[in-house]
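Each protein sequence line maps, in turn, to chains A and B. According to our numbering, the first sequence is numbered sequentially starting from 1. According to our numbering, the second sequence is numbered sequentially starting from 1001.
In case anyone wonders, no lab produced these hints; they're calculated from the structure. Treat the hints with care, as some may be off.
To be verified - Keeping only pairs whose Cα atoms sit at most 25 Å apart, straight-line, the calculated DSS-like set for lysine-lysine is:
id, chain 1, residue 1, chain 2, residue 2
1, A, K90, A, K160
2, B, K1082, A, K90
3, B, K1082, A, K160
Unchecked claim - A short, non-exhaustive set of chain B residues, derived as facing chain A with CB atoms under 10 Å:
id, residue
4, R1054
5, L1059
6, P1096
7, L1108
8, R1111
9, A1157
10, L1164
What the hints assert, rightly or not - Which bits of chain A does chain B cover? Going by a derived footprint, with three or more residues having C-beta under 8 Å, they are:
id, region
11, 152-162
12, 166-180
On a predicted model such as this, the values are computed, not experimentally measured, just so you know. Using N, Cα and C, we set each Cβ at its ideal position, and we do this for glycine too.
Here are the chains, one letter per residue:
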Amino acid sequence: MTRRGPAFWCLLGFTLCVCAFLIVPVGMSMLAGVTVNYQAGIESGFTLRWVGQVWDGYSDTIFRSIGIALACLACTLVLGVPAAYVLARKQSGLARAIEELLVMPVAIPGLATALALIVTYNTLGNFRTSWTFILVGHVLFTLPFMVRSVIAVMGAIDMKTLEEGAASLGAGFAQRFFGVVLPNCRSGILAGSLMVVTLSMGEFNMTWLLHTPLTKTLPVGLADAYASLRLEVGSAYTLVFFVMIVPLLIGIQVFARPVELGARTARP
Amino acid sequence: MSMVMTPLAIRLESCGKTFADATRALDPLDLEVRAGETVVLLGPSGCGKTTTLRIIAGLEEPDPGGRVLFDGEDVTLQPIEKRNVGLVFQSYALFPNMDVRGNIAYGLRIRGIGNAERETRVDEMLAMMRIEALAERRIDQLSGGQRQRVALARALAVRPRALLLDEPLTALDAKLRDMLRVEIDALLRGLGITSIYVTHDQAEAMALGDRIVVMDHGKVAQIGTPREIYHAPASRFVADFIGTMNRLDGAVDGGRFVTAAGAIPWAAAPAGALCVLFRPESVRLADTGAGQLAGSVSAAFFLGDRTRLFVDCAGQQVIAETSVRREFAPGTQVRLAIDSDALLTLRDEP
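Just chain A, same shape as in the assembly (with noise of 0.2 Å):
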């Protein structure tokens, strides 16, 4: 083993720094959760009152931010996979033009992106005051994360020889499709989701526009909670959040592992 010099430990002792410098916070904010009084600081104790007073008054809109999340999923993957393969495959000036395009949404202030929705669908009946009009502000704003990363994929991999090489031994496009470019492109397609489900459940801008009293998501209420109710309370909520979104995050990314090594290492 190499001796570790001192630049080694100075390198650690920065690191660790700004690590607590941003982590601690987030404990912070977890702790006051659940502290009887955050002015008295922990000796007044702990509770899950808050947690419970969070759970009474916003337990829809955590539950709608999941179904959002999905749907939002559900959307980026049948509309931005085949997009993905399209763009991938087509060389042209315009799929590259169409590619830019894409990354628009994220480019604009959510702010913005909210106004032209409403704007444009505010009188389309029930639209407006529905769910789905948060999903379709959702989906702007993700799908280019889920074209991205899967045009990377299949740039790594010259998915049109593989293609090719399916069509020699008699597979028709349907069975091309789905035996080999999406297999294929899993690695890309789990990378996608991932982005899609985290930057849909944390999606603030754009939702304080789109939502209604009635269609609340997980950060809207947040912001609502710190807004008119107690500091614990809000901490309570963002507990909650954490409780949802890190096992979520940790699936995902333990499910991807070994496919995108497997796509790595891959190339000839």
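Guided by the hints, dock chain B onto chain A, whose structure is given.
Leaving out everything else, chain B in the frame of chain A:
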């Protein structure tokens, strides 16, 4: 091995290819590949050889007017998945999401062949390519040579009517390339399958082809057996592309070809020939006073079994090979004797 198939005869009729950006990849080409024959498409990159292969495979459509015939049947409009041709790529194109067995079984599964027969056929292929031990390996655990064996097994498992190989050995290192070339040769001959082999490597072409189609700039430069192409090249391009060729300028004078460095007896000289071609192996080092050409060594390369000499013959360079065991310092005066039977002239040049 139950691989008996009736070999396929392939015919291309004025198959040209112009791409969308108006580049002409291939001039209208006629080509006849006889049943069971191995034809090599040979040429430098961009000569149209791969485009020709892709037209035969069904991956490209020829320009209007071109026809592709399989045993007399017009398949021009059939996509590749209907043509039943095996395809082997330079980049292997094995499916990373399947193991070796899965790759070989893929075409059989697509054809709806039942589990039991599929397994039997896959085992047969594994045995034929001597890769039984690799059956359960993932593709990323294989070396290049192993991958190409799997690719061959996968292409042959479906019993294709013809086997099309696009630079299958180019990605491999030299030693492995030679080994696999011998194997492929034995395989193609053993199976008697019609095969079309694309390469830019003339040694590969000479070793594998029953006939070679030399291509240049989208045109056929010459079609012939390896011997015909080597000994009677039809053009300057073919002469230079296949092996090494010496060229001397001079003039015919009474049964001799006279150059500044000496005269070579050439009874069969065509009237008015202004240059003569010959291979390095037709040049011998002669004793002082003998031989026909005088020159001085400008460079010598010891190749182990022989020495390759670059000789300056009154301003014209002649490449000679000798197995004489001596060193040739630059400037050494030598006499060269040239085998008159090996002298060539070209149709496209006087």
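Right, here's what the structure says about each hint:
1. A:K90 <-> A:K160: Roughly 10 Å between the alpha carbons, so the hint for K90 (chain A) and K160 (chain A) holds.
2. B:K1082 <-> A:K90: Given pair K1082 (chain B), K90 (chain A) holds - Cα atoms ~24 Å apart, limit 25 Å.
3. B:K1082 <-> A:K160: 18 Å, holds
4. R1054: 9 Å, holds
5. L1059: Interface hint status for L1059 (chain B): holds (6 Å vs cutoff 10 Å).
6. P1096: 3 Å, holds
7. L1108: 9 Å, holds
8. R1111: At about 6 Å, which falls below the 10 Å cut-off, the nearest Cβ of chain A leaves the hint on R1111 (chain B) intact, so it holds.
9. A1157: Nearest chain A Cβ about 8 Å off; hint holds.
10. L1164: Result: holds, 8 Å to nearest chain A Cβ.
11. 152-162: It holds: at least three residues are needed, and the region 152-162 of chain A offers 4 whose Cβ sits within less than 8 Å of chain B.
12. 166-180: holds (count 10)
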